[in-house]
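Chemist: Chain order of the listed sequences is A and B.
The first sequence maps to residues 26 to 571 in my numbering.
The second sequence maps to residues 26 to 571 in my numbering.
Honestly, the hints are just simulated from the structure, not real lab data.
Among the hints, a few may not be true.
Reference excerpt, derived from the structure (chain A facing chain B, CB under 7 Å, subset only) [stated by the list, open to error]:
| hint | residue |
| --- | --- |
| 1 | 138 |
| 2 | 141 |
| 3 | 142 |
| 4 | 143 |
| 5 | 178 |
| 6 | 180 |
| 7 | 188 |
| 8 | 190 |
| 9 | 262 |
| 10 | 292 |
| 11 | 476 |
| 12 | 520 |
Distance ranges between label pairs, derived from CB positions [claimed, not checked]:
| hint | chain 1 | residue 1 | chain 2 | residue 2 | range |
| --- | --- | --- | --- | --- | --- |
| 13 | A | 184 | B | 427 | 45 to 53 Å |
| 14 | A | 180 | B | 409 | 42 to 50 Å |
| 15 | B | 83 | A | 461 | 40 to 48 Å |
| 16 | A | 565 | B | 259 | 15 to 23 Å |
On a predicted model such as this, the values are computed, not experimentally measured, just so you know.
Using N, Cα and C, we set each Cβ at its ideal position, and we do this for glycine too.
2 protein chains.
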Amino acid sequence: MSAVNREPVLDGWGFAGESFPPPAALWAWLQERLEGPCEPLPRWRPHRFRPPAGRRLPKLPGEVSTEALDRLRHARGRGLTDLVRLRTGTVPALPDAVLRPADVAELSSILAICSQAQVGVVPWGGGTSVTGGVNITAGPQKMISLDLARFRGLLELDDASGLATFGAGTPGPEVERPLAARGLTLGHYPQSWELSTVGGWVATRASGQESLGYGGIESLVAGVDLVAPRGGWSLAPQPASAAGPDLRQLVLGSEGRLGVIHRATLRVSARPQAAEVRAALLPSWSAGIEAVRTLVRARSGLHLLRLSDELETGVGLRVGLAGRRLAAALLRRWLLVRGAGAPGCLLLYGAAGRPRRVRGALAAAASVLRDHRALRLGAGPGRRWLADRFRHPYLRDALLDRGVAVDTLETAAPWSRLEDLTAAVRTALTATAAAWSERCPVLAHVSHPYPDGGSLYFTFFFRCPLDPEQAVERWAELKRAATRALLAAGGTLSHHHGVGAWHAPWLEDEIGRSGRTVLERAAAALDPDGILSPAALLDPTDRLEE
Amino acid sequence: MSAVNREPVLDGWGFAGESFPPPAALWAWLQERLEGPCEPLPRWRPHRFRPPAGRRLPKLPGEVSTEALDRLRHARGRGLTDLVRLRTGTVPALPDAVLRPADVAELSSILAICSQAQVGVVPWGGGTSVTGGVNITAGPQKMISLDLARFRGLLELDDASGLATFGAGTPGPEVERPLAARGLTLGHYPQSWELSTVGGWVATRASGQESLGYGGIESLVAGVDLVAPRGGWSLAPQPASAAGPDLRQLVLGSEGRLGVIHRATLRVSARPQAAEVRAALLPSWSAGIEAVRTLVRARSGLHLLRLSDELETGVGLRVGLAGRRLAAALLRRWLLVRGAGAPGCLLLYGAAGRPRRVRGALAAAASVLRDHRALRLGAGPGRRWLADRFRHPYLRDALLDRGVAVDTLETAAPWSRLEDLTAAVRTALTATAAAWSERCPVLAHVSHPYPDGGSLYFTFFFRCPLDPEQAVERWAELKRAATRALLAAGGTLSHHHGVGAWHAPWLEDEIGRSGRTVLERAAAALDPDGILSPAALLDPTDRLEE
Numbered sequence: 026m027s028a029v030n031r032e033p034v035l036d037g038w039g040f041a042g043e044s045f046p047p048p049a050a051l052w053a054w055l056q057e058r059l060e061g062p063c064e065p066l067p068r069w070r071p072h073r074f075r076p077p078a079g080r081r082l083p084k085l086p087g088e089v090s091t092e093a094l095d096r097l098r099h100a101r102g103r104g105l106t107d108l109v110r111l112r113t114g115t116v117p118a119l120p121d122a123v124l125r126p127a128d129v130a131e132l133s134s135i136l137a138i139c140s141q142a143q144v145g146v147v148p149w150g151g152g153t154s155v156t157g158g159v160n161i162t163a164g165p166q167k168m169i170s171l172d173l174a175r176f177r178g179l180l181e182l183d184d185a186s187g188l189a190t191f192g193a194g195t196p197g198p199e200v201e202r203p204l205a206a207r208g209l210t211l212g213h214y215p216q217s218w219e220l221s222t223v224g225g226w227v228a229t230r231a232s233g234q235e236s237l238g239y240g241g242i243e244s245l246v247a248g249v250d251l252v253a254p255r256g257g258w259s260l261a262p263q264p265a266s267a268a269g270p271d272l273r274q275l276v277l278g279s280e281g282r283l284g285v286i287h288r289a290t291l292r293v294s295a296r297p298q299a300a301e302v303r304a305a306l307l308p309s310w311s312a313g314i315e316a317v318r319t320l321v322r323a324r325s326g327l328h329l330l331r332l333s334d335e336l337e338t339g340v341g342l343r344v345g346l347a348g349r350r351l352a353a354a355l356l357r358r359w360l361l362v363r364g365a366g367a368p369g370c371l372l373l374y375g376a377a378g379r380p381r382r383v384r385g386a387l388a389a390a391a392s393v394l395r396d397h398r399a400l401r402l403g404a405g406p407g408r409r410w411l412a413d414r415f416r417h418p419y420l421r422d423a424l425l426d427r428g429v430a431v432d433t434l435e436t437a438a439p440w441s442r443l444e445d446l447t448a449a450v451r452t453a454l455t456a457t458a459a460a461w462s463e464r465c466p467v468l469a470h471v472s473h474p475y476p477d478g479g480s481l482y483f484t485f486f487f488r489c490p491l492d493p494e495q496a497v498e499r500w501a502e503l504k505r506a507a508t509r510a511l512l513a514a515g516g517t518l519s520h521h522h523g524v525g526a527w528h529a530p531w532l533e534d535e536i537g538r539s540g541r542t543v544l545e546r547a548a549a550a551l552d553p554d555g556i557l558s559p560a561a562l563l564d565p566t567d568r569l570e571e
Numbered sequence: 026m027s028a029v030n031r032e033p034v035l036d037g038w039g040f041a042g043e044s045f046p047p048p049a050a051l052w053a054w055l056q057e058r059l060e061g062p063c064e065p066l067p068r069w070r071p072h073r074f075r076p077p078a079g080r081r082l083p084k085l086p087g088e089v090s091t092e093a094l095d096r097l098r099h100a101r102g103r104g105l106t107d108l109v110r111l112r113t114g115t116v117p118a119l120p121d122a123v124l125r126p127a128d129v130a131e132l133s134s135i136l137a138i139c140s141q142a143q144v145g146v147v148p149w150g151g152g153t154s155v156t157g158g159v160n161i162t163a164g165p166q167k168m169i170s171l172d173l174a175r176f177r178g179l180l181e182l183d184d185a186s187g188l189a190t191f192g193a194g195t196p197g198p199e200v201e202r203p204l205a206a207r208g209l210t211l212g213h214y215p216q217s218w219e220l221s222t223v224g225g226w227v228a229t230r231a232s233g234q235e236s237l238g239y240g241g242i243e244s245l246v247a248g249v250d251l252v253a254p255r256g257g258w259s260l261a262p263q264p265a266s267a268a269g270p271d272l273r274q275l276v277l278g279s280e281g282r283l284g285v286i287h288r289a290t291l292r293v294s295a296r297p298q299a300a301e302v303r304a305a306l307l308p309s310w311s312a313g314i315e316a317v318r319t320l321v322r323a324r325s326g327l328h329l330l331r332l333s334d335e336l337e338t339g340v341g342l343r344v345g346l347a348g349r350r351l352a353a354a355l356l357r358r359w360l361l362v363r364g365a366g367a368p369g370c371l372l373l374y375g376a377a378g379r380p381r382r383v384r385g386a387l388a389a390a391a392s393v394l395r396d397h398r399a400l401r402l403g404a405g406p407g408r409r410w411l412a413d414r415f416r417h418p419y420l421r422d423a424l425l426d427r428g429v430a431v432d433t434l435e436t437a438a439p440w441s442r443l444e445d446l447t448a449a450v451r452t453a454l455t456a457t458a459a460a461w462s463e464r465c466p467v468l469a470h471v472s473h474p475y476p477d478g479g480s481l482y483f484t485f486f487f488r489c490p491l492d493p494e495q496a497v498e499r500w501a502e503l504k505r506a507a508t509r510a511l512l513a514a515g516g517t518l519s520h521h522h523g524v525g526a527w528h529a530p531w532l533e534d535e536i537g538r539s540g541r542t543v544l545e546r547a548a549a550a551l552d553p554d555g556i557l558s559p560a561a562l563l564d565p566t567d568r569l570e571e
């Protein structure tokens, strides 16, 4: 789980030496589903990379790196098309330099100089954005990547209040390690946890996989400190306040536009003494959603609820049961008895805390699930999911190696809309692919449930064209169709991936002209020259193909 | 509990025919504490009121009332000095007219016309602000009060998602009545509940007394609709979103400056089948805070925790035990056995929900309280508090009738600061009064606890000068001293009363220059002529004596 001494790869997700090749059953399933053969998307050799020299920058304080691979490393996030461009050497622009300020004084000075010289500044945490949020755009404006790696570690701890202050550049494992030593946890585990940082979580309103128990980052942030060209801004930790609007919630999701977040004070909890994840099969998507809704509205004390649709369940069981003939036979028998052809929908449900409370929450959940005609599957599927949960993103590179593009997208909506929303996104994706005479299988799950609704997470696959430009174009078409569909069906533009550059053209559809104007004015007040993350959040240019 | 057919009084709190005369034991306690005799502050006769005619306004659509008492009714909120000015006929300014738009079209048209003519507009819900938030200020600008009484009632219900949409002018009882008929509750019970409205709650970030269970209004709002001079703005209900900053949280607490809130979609829950409030005595303020902190951090499932300090406990027990000799004797005996001179600190703790869960939460709490050396007092004190909780504000008028001014102020802070904060505010108030050779007894309680901190609520008393200007002056001095002290001790400017006009001079101390600039720019974007609630939130003029 440690990120120390692990080298991030340049042309894919994560750390060198890690990978997650598709299980044979998944690969077989994909080959059935995707029409025609898949040709591997070759990798170039980034280490032979000789980029154009960075443009001349004003004199900047501290460490200024113009080293080619350092610039390449900071050129893109890790969305599907970032992976395609990085592995094929078709990255259109690099930052002119990478800066790693040592402290707030250096950070402030960099921003002041860049503001005066109109140099664009893109803050960089773990670089795991899947929405183009940290991508360097080509154009006349000089750009630097501002790496917060030196704003790192646990800075303060108010033990009585459960408030821990971290540097913005602290990655997930380095958040949990010092907390664990004190019997505490933040409990924030996004899929990118091993790489992504406190500052990135705050800037993008990230959610961890146990947000049901611990809350998303938007409820974990008590205070935040940032610096903009116009000066520093500290919002001290408070449990709650009616001193006007909650400006912390304006900083959360500001994606660099309101300033560079350099530290955050987070609400931490007692480390759970026990944690368990159980699995069950619900008869259908509709019945599963109803079960999850019931569990959450009854405040069941669970930390995790994750419901896969029929297709995702089918794939999951096929992978999970491969080589386990007896289990597979038993399951088939149960389906036969129940008169169901399909396996139904897999639900993972988990609790964490004191052993007695964990047992209580799981027992209460089991009783609700019984009412919803669920078949309980025990702890196996949950254990497998927990073991692999931070490895799943590596699958994207492994599938590109085999010529298959896989991406994910996500949204959220009130419970009353979730079923229609699922169908709308699936239809949009499959219809778009059908127009190219291709297939696009779509898996879906509900995670991050709330009393009034839940998030929907889609995984979609298509044959990756060998020409990277065509691959990017196809992905962009799918993405546009899905985004239009999810907004029309009442979903939010993003539940936890953020807006970045890629969702920005649709932001106004969600927050209205007034919302957009308010954000623009707020950004202009703190960053009058508009140097901070200029392509993210508020620039409506369609950059899906960049 | 119904507000229907009850006439609000013109020169005091609440409804005609209601009152809450001080219990004899409280009055005796006050007479011991306040040095010298108290002379009743006389009431004038508002019904004989002949105000100057309203100034000429541009032609406005809908019902335009210029009736004298209607204007008087909409001139002030219900803070202590509002009561003083209303009862002594020293209100410095009235709105030039009161408007009650019938729908969004009328509302929009009024705002457009007023914006063009530079007429100030103060939105009015229940008129219960205790921070000068709805007060009409004297000056050359013409002013209207915009009463939202016709935006009223349950407009939509999404039962599956637990989302209920109400008109902004709906008062508390009219929120709960239609919900109760459907087995639902909002569970938001501020002390002003019988009068205050949905729009007012949202505009000021109100908290209900059971916020521990249901959340403050900031977590109950899923969506909100407003109109500003620049147009309408709808933020659709979503369970959560990473589509940029949460702009709902910018509207929550905007106190009219970003637009007139005309409807809100609120998260509702199943109506609890059972609800119980129990009482216990903790040995000291410090031990009590520690017990509350422990209970909240352990997520004990309680809906209510309210801890009185020693002084408030003493007064409360004196009032509660008056005439109950046996109980008083038993308590004295227990204190003797324990070796304590003072009664300690009264804690009310309550749970609501399914009977089994209520029992479980109360039993778990009792076990924690045992560890904290608490004496359990049963259900009596809680029952009494519940019965009177919406009547307490009437005490202010009854005490003015007897020559005593009483006011409240509140803040919140992380747990680590609460004890120092309590002492700082108490010292500031008593020292200020001491400079006039007066006494100012201060009661305090913790309510609205969170895992990382809690709110502190202070009640303070002083002899009310017969000259209303001197009364206002003295109150302003106390208020300034307390506000400076609470900010210096790390408290927030307000936990749930809001900023209004009276706290506005200190807003920048809390949110910084950047925060202030961001809010000013946001307001200017939606209301370029600055007509909306011009004295509230962002105007740093000290208006405590107005």
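Chemist: Against this structure, judge whether each hint is valid.
Modeler: We went through each hint and held it up to the structure:
The beta carbon of residue 138 of chain A comes no nearer than 19 Å to any beta carbon in chain B, farther than 7 Å, and the hint placing it at the interface is violated. Contact between residue 141 of chain A and chain B, as hinted, is not supported at the beta carbon level, the nearest pair being about 19 Å apart and thus beyond 7 Å. Checking residue 142 of chain A against chain B by beta carbon gives a least distance of about 22 Å; that is not within 7 Å, so the hint is violated. Contact between residue 143 of chain A and chain B, as hinted, is not supported at the beta carbon level, the nearest pair being about 21 Å apart and thus beyond 7 Å.
Given the 7 Å rule on beta carbons, the hint for residue 178 of chain A is violated: about 21 Å separates it from the nearest Cβ of chain B. About 16 Å separates the beta-carbon of residue 180 of chain A from the nearest beta-carbon of chain B, more than 7 Å, and the hint is not met. Hint status for residue 188 of chain A: holds, given a least beta-carbon distance of 6 Å to chain B, under 7 Å. At its closest, the beta carbon of residue 190 of chain A sits 12 Å from a beta carbon of chain B; the interface hint therefore is violated under the 7 Å criterion.
With a least beta-carbon distance of about 6 Å to chain B, the hint placing residue 262 of chain A at the interface is held under the 7 Å criterion. For residue 292 of chain A, the shortest C-beta to C-beta distance to chain B is roughly 5 Å, which falls under 7 Å, so the interface hint holds. Hint on residue 476 of chain A holds. Least Cβ distance to chain B is approximately 6 Å, under the 7 Å limit. Because the closest C-beta pair between residue 520 of chain A and chain B is about 6 Å apart, less than 7 Å, the hint holds.
Checked against the given bound of 45 to 53 Å, the beta carbons of residue 184 of chain A and residue 427 of chain B, roughly 47 Å apart, stay inside it. With their beta carbons about 47 Å apart, residue 180 of chain A and residue 409 of chain B fall inside the hinted range of 42 to 50 Å. As the Cβ distance of residue 83 of chain B to residue 461 of chain A is approximately 60 Å, the hint placing it in 40 to 48 Å is violated. Range check, residue 565 of chain A to residue 259 of chain B: about 19 Å between beta-carbon atoms, so the 15 to 23 Å window is met.
In summary, the structure is inconsistent with hints 1, 2, 3, 4, 5, 6, 8, 15 from the numbered list given earlier, while agreeing with the others.
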